[in-house]
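> Single-letter residue listing:
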Amino acid sequence: MAGENWGMIVDVDKCIGCQACVVACQSENNIPINEEKHFNERRAIEWIRVERYWEGEFPDVKARFIPIMCQHCGDAPCEPVCPVFATYRNDEGLNVQIYNRCIGTRFCSNNCPYHVRFFNFWEPEWPESLHNQLNPDVTVRSRGIMEKCTFCIQRIRRTKRTASRAGADATDEEFERSLDPACVNACPTETLYFGDFNDPESKVSAMKEKESKRDGRAYTMLENLGTNPGVIYLKKIDKHAEDVAHG
Amino acid sequence: MASGNGAHGALALATPAQVNRDLLERHQRRTGDTYWRAMALFGALFVLGIIGFLMRLSDGFSDKAVWGYYAAVFAFILTTAQAAPLVAIAPRIAKGHWRRPISRAAELWSVVGLFNLLLFIPLLWVLPSLEDTRRTLWFFDAQDPNFSQVPIFSPHIWATLALVGLVVTGFMLLWVSALPDLAAVRDSASGWRQRWAARLAPNWQGTSQQWNFLYHRTGILGAFYFIMLIFVHFLISVDFAMALVPGWIDALFPITHAANSLQAGTATLLLTMFCLRQFGGYKDYIGLDQFWALGKLMFALSLLWFWFWFSSFIVLWYGKKPSEQAALQLMMVGPYLPAFMAAFVLNFLVPLFTMIWNPLRKSIWGPTLIATSILIGTLFDRIRIYVPAYSVPGIGNRFVEKHELSEVPKSILPDMADIFMIVGAIGGAIFIYLLASKVLPVINVWEQKEMLLYRVHKPFHRIEVLVLGKRD
Amino acid sequence: MQEHIQLTPKEINQELLSGVLGTPKWWLGLVAFLLLVFLTGAGAFGYMLNKGVGVTGLNRPIMWGFFMTNFVFWIGISHAGIMISAILRLTQAEWRRPVTRAAEVLTVFSLTAALMAAPLVHVGRPWRAALWVFPYDFGRGVWPNIRSPFIWDPAAVMTYLTASTLFVFVALIPDMAVIRDRATGKWARQIYGYLCMGWRGTPRQWKLQTVAGILLSALVLPVFVSVHSIVSWDFAINIGVDGWHSTIFAPYFIIGAIHSGVSAVTMVMALMVWLWKWDKILRPDHFDAIGRLLIIVATTWFFFFIVEFFFAIYTKEAPELALRELQIFTRPYVFLFLIFIITAYFLPVPLWMFKKVRRNVKWMFWTTVSVNVGMWLERFLIFVPSLARKTPLEFNWGTYHPSIIEMLMVAATFAWVAMGMLLFSKVFPLIPIFDIKEGMIVRDEVKIGRAIVPASIRE
Amino acid sequence: MALRSVLGLFTDENVVADAMDSLRAAGYTSSEYELLTGVPYPEGTFGEEEPVHKLYRWPLVGAACGFIVGLVLTTGTQLAYPLVTGGKPILGIPPMAIIIYEGTMLGAIVFTVIGIIFESRLPRLFMGAYDPRITEGYIGVTVTAEEDRMGQAERVLREAGAEDITRGWETPR
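Protein chains in written order, with numbering that gives the first Met the number 0: chain A, 0 to 246; chain B, 0 to 471; chain C, 0 to 458; chain D, 0 to 172.
Don't take every hint at face value.
[Claimed, not checked] Dumping the calculated BS3-like pairs for lysine-lysine here, alpha-carbon to alpha-carbon at most 25 angstroms:
| id | chain 1 | residue 1 | chain 2 | residue 2 |
| --- | --- | --- | --- | --- |
| 1 | D | Lys87 | B | Lys320 |
| 2 | A | Lys13 | A | Lys235 |
| 3 | C | Lys206 | B | Lys361 |
| 4 | B | Lys437 | B | Lys448 |
[Stated by the list, open to error] Ranges of calculated distance between the beta carbons of each label pair, as one might list FRET restraints:
| id | chain 1 | residue 1 | chain 2 | residue 2 | range |
| --- | --- | --- | --- | --- | --- |
| 5 | B | Gln277 | D | Lys53 | 47 to 55 angstroms |
| 6 | D | Tyr80 | A | Trp125 | 33 to 41 angstroms |
| 7 | B | Glu24 | C | Pro349 | 47 to 55 angstroms |
| 8 | D | Phe117 | A | Pro123 | 56 to 64 angstroms |
| 9 | B | Gly190 | C | Phe308 | 52 to 60 angstroms |
| 10 | D | Ile89 | B | Gly218 | 52 to 60 angstroms |
| 11 | B | Lys409 | C | Arg291 | 50 to 58 angstroms |
| 12 | B | Lys457 | C | Arg291 | 27 to 35 angstroms |
| 13 | A | Arg160 | C | Pro391 | 36 to 44 angstroms |
| 14 | B | Leu336 | A | Ile97 | 54 to 62 angstroms |
| 15 | A | Glu40 | C | Pro349 | 42 to 50 angstroms |
| 16 | C | Ile447 | B | Ile120 | 27 to 35 angstroms |
The set of hints was computed from the structure by calculation and includes no laboratory data. Yeah, the Cβ is synthetic: ideal placement off N, Cα and C, and Gly gets one too.
Work the whole structure out from these sequences, hints included.
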């Protein structure tokens with residue numbers, strides 16, 4: 000099934016920091032509940048997180064939000080350091096993690112400049128009442144292994160299956176909602192776009208082409224590292240800064 | 000190790016007095032034809048080099064790219080001739096007796112430092128000032144108020160001072176360690192030699208106080224020469240090569256640059272020894288012992304060459320940052336691949352696969368040939384570093400991206416002037432060395448005499464063994 | 000100046016086998032205590048195995064903490080043996096003779112401690128890691144990824160461990176013959192007889208023993224260099240951690256390893272003088288010589304430290320500057336940094352400049368202990384603050400507090416090495432007997448006028 | 000006929016050298032007498048023949064074996080499981096070089112140690128003439144020959160100045 004190059008476009012300008020994507024991801028992917036102590040211990044698992052930065056001096060303070068998930072790098076630094084091939088780049092342009100193989104050296108996490116690889120320090124636990132809400136399509140990861148955003152690969156697989164049964168293509172318009180990862184579907188402001196960069200007719204390809212032009216807003220994160228990410232960010236349109244710049 | 004009784008430099012002369020007489024006689028003997036022929040040859044090359052330099056000078060300093068080969072030659076002399084004295088210093092500190100016959104030949108190379116200092120002067124005009132906000136050792140950054148407190152000509156000023164310091168230290172070391180020999184020349188020679196020796200060593204009488212002074216000063220000056228050499232390599236390799244390539248950050252490079260000079264310095268000395276033995280008539284003094292010991296040292300340093308190179312390479316190769324890829328492309332795998340391969344083969348592969356054979360290490364020709372290979376390899380190595388670094392467009396232009404090399408420039412082949420300068424500078428260095436060898440005895444007379452005290456052949460039951468004494 | 004050891008071969012045997020043929024009074028108690036510490040650590044590991052890596056203080060982004068620091072520390076100590084044994088053998092330094100065996104054994108045990116310190120215990124699923132280091136799980140057709148530094152690591156460490164164990168074994172053969180001839184128990188004679196394989200001491204055997212020393216030294220040296228280089232590449236190849244991504248790491252780690260390793264050997268020498276009373280064999284000269292070596296090693300290490308630091312700020316990149324600020328100016332790292340720089344360099348090196356200090360066992364012991372405290376902290380300060388300030392994404396900057404479990408397991412590795420050395424000393428001599436005897440034969444002197452200069456016979 | 004051994008123990012190096020001369024004069028070949036010391040003396044101290052060995056070949060053979068194993072292992076595993084990681088080539092030379100290097104060195108060292116044992120003629124199952132005092136500073140000279148030449152050997156050793164003489168070990172042929 001070679002050919003796709005799944006990727007995402009994040010329009011930072013639209014992000015309002017509501018964290019809906021985070022919650023959607025948690026419930027879609029069987030991520031244990033992050034309690035306060037997990038955050039205090041810095042062991043919370045959030046496959047997608049919204050980083051918040053404060054800008055400016057009081058009273059002129061602005062909150063800036065940027066959603067960060069696995070960038071599914073073309074030349075991912077996390078992949079070659081794994082001694083057991085637990086992570087590699089598959090032929091759909093995804094950086095995949097094989098839980099069975101992982102032995103938990105945490106080397107990949109160290110070499111990931113985006114901090115998007117998470118380690119299961121404990122056996123995951125859910126309150127009794129939530130036992131029946133686990134997604135049957137997603138593995139519950141045991142302790143001692145790494146996990147990270149998969150671009151909801153289970154949804155991609157399911158959509159492909161449905162599409163091929165219907166004799167259609169997974170990238171067709173009608174399958175868009177079922178193909179999109181949970182975070183994309185949950186986003187109220189259409190900050191996130193998901194699609195196939197190899198398909199010249201896809202929405203993301205069109206956006207990429209438009210925004211990569213000279214005055215476009217496209218950039219990738221930590222470009223100087225040469226990781227060649229599969230997630231493209233669109234710069235914030237900063238009216239205020241422009242006003243300041245132009246007097 | 001196999002028994003080496005017969006392998007030590009044959010010492011037909013048994014007493015210090017004999018050694019003294021013999022060596023001083025050799026030093027003052029009427030100069031032979033070989034010497035004059037060599038002088039003529041290298042003098043001619045030297046003239047050729049000056050012609051090449053004038054040709055290059057006519058191009059002016061505005062285009063740095065054409066000066067790449069010149070910088071490479073300067074670095075080559077720094078790496079070879081100026082490092083050779085270390086080969087005398089290190090074994091002296093480790094109290095190795097085998098170094099005694101060759102320590103003068105090594106120290107004499109510090110004379111060439113003066114020549115290299117002259118070679119350095121044009122580079123001061125070639126290297127742009129710090130105003131282009133490139134990276135530098137001196138943290139100059141016009142935009143950043145914290146980093147703009149240094150003169151914009153810092154690299155030029157401090158590198159010059161350091162180089163002058165190195166040359167002065169070299170001369171001091173040469174002079175102090177030659178004092179007893181100069182006194183001997185003063186007492187036995189006649190004519191200009193006597194006058195010069197008397198001027199240089201007016202009151203050396205050989206009191207124990209003077210000897211202590213000598214041991215002490217040679218130790219300190221030797222250590223200081225070593226430190227200065229590392230420091231000069233540091234300044235030159237960073238500000239005169241690394242900082243010119245945007246995005247090239249290699250913390251090991253200055254140390255590699257210096258480590259290469261140890262290897263090349265050993266090779267230089269080996270070739271010098273070979274010439275002294277073969278053409279200078281010092282067969283009785285310079286023997287298998289010296290070649291063997293230096294051969295082993297050179298072998299070890301050749302392995303280190305690989306280790307230093309690989310330590311840098313694997314980090315840059317694995318890291319795969321675009322800036323790192325560009326730097327590798329520029330100096331190793333891109334247009335300068337042939338030069339790099341030559342350096343790799345001649346500096347590492349050839350020594351590795353030949354010098355692991357002890358019979359080859361323990362011969363006269365073996366180490367000599369490998370030393371030649373290493374010197375040629377070092378020249379290629381310097382070319383593949385300095386020529387591309389100087390050819391990067393935009394040095395000195397403050398509007399060019401300084402963090403990443405966006406486009407790898409094409410390779411530059413040496414033109415006539417470059418070739419003239421390469422042979423001329425090497426010829427000139429040898430020419431100056433030959434001149435200096437007439438002023439001072441090329442074999443250290445006092446060390447040679449001292450060795451007779453500490454090195455005794457004794458019977459031990461059924462064999463004769465060599466007993467080496469080590470002074471505390 | 001090398002003072003002469005005036006002992007007959009018989010006295011040397013008695014002296015050096017005192018620990019093997021008899022049991023010193025303190026031995027059992029000390030071993031029992033170390034065993035207790037070791038078992039506590041093992042218990043802590045068992046607890047971690049049961050509960051998960053969560054019992055440590057690790058977090059995101061500080062995924063490697065005490066274990067990795069300790070791993071690199073022990074790899075560093077393991078470089079002592081070969082430094083002392085191989086380099087000094089190749090350069091024919093006479094003073095090496097009583098030190099070589101202890102240094103090599105230290106290498107072997109610290110390598111096992113290193114294996115214990117990290118690769119097996121620090122991973123999330125050690126039971127699978129065991130399959131990866133030891134016979135690989137070929138059954139499922141998944142091969143190891145040789146592009147990973149974590150595959151280079153076991154390759155290098157295992158090679159080094161095998162090589163140094165064999166190195167110790169080869170040099171032990173003649174000494175085991177001595178024990179075979181001296182041992183009283185029937186079983187002991189039998190076992191040592193098998194171990195020394197019927198050594199008799201013919202000229203051929205001795206010649207091969209000598210050649211072996213030199214040949215194996217020459218072969219082990221390149222492995223020695225590769226091991227710590229490869230360990231350093233575990234860190235240096237990371238582009239995700241700016242503080243680690245430096246080409247200088249390999250030589251910097253090696254020289255640091257030699258610094259801490261040679262210091263550790265000095266500690267062992269001092270302990271041998273105190274515990275077994277081998278002061279007739281380990282003279283102040285030996286401490287003097289190793290002290291001089293340490294000055295050179297320490298200063299070279301310090302030079303590399305400066306260069307590494309210098310090139311970190313040379314780039315003027317934000318994460319690097321943030322890291323250095325954390326490492327040097329921020330509490331609590333500022334205290335660790337000060338302790339590190341003082342104990343690793345500014346306290347011991349000026350002291351070693353004095354001949355009196357170098358020739359004093361007590362001073363040498365405590366200064367070298369100080370070096371190792373400093374060098375442990377050095378590793379910690381390289382790894383942890385760099386992870387805490389990984390990249391410019393400051394939202395994810397972190398802190399790290401080691402848990403008691405980690406500390407117990409670190410302590411266990413120290414107990415393991417000490418216990419290993421003690422157990423070894425009960426079975427084999429810690430000072431090579433034949434080397435000492437040979438040293439007495441090749442020792443000579445040269446008379447120059449009235450001065451007598453110590454000399455040695457060279458073949 | 001079975002071979003018998005006799006061992007003479009000496010304390011003085013020069014006496015040993017003389018004893019060896021006498022043995023030679025009495026017609027014993029160098030394969031029949033042997034020197035046993037507890038210390039490595041400089042070669043030829045007793046006028047004995049220089050042992051010839053071929054130890055230097057061992058590490059080369061070992062290195063070649065290790066190199067081949069390393070090469071096969073690194074190429075084989077990568078070709079058998081060709082997963083792309085981090086955009087690195089499947090047969091990337093630098094990482095392979097590291098593994099191959101370690102394999103080469105391991106092969107060289109293991110073979111060297113085997114070579115040392117083999118060339119030292121160890122393990123020796125039958126000790127032959129030996130005395131524990133040799134490891135205490137005595138120097139032993141053994142003569143191994145037919146039984147009827149034992150008396151002569153013993154006489155030669157005693158005349159040369161042996162402090163103690165023991166005999167009676169049998170060496171199976």
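> Hint by hint, which ones does this structure get wrong, listed from lowest number up?
Hints 5, 14, 16 contradicted; others consistent.
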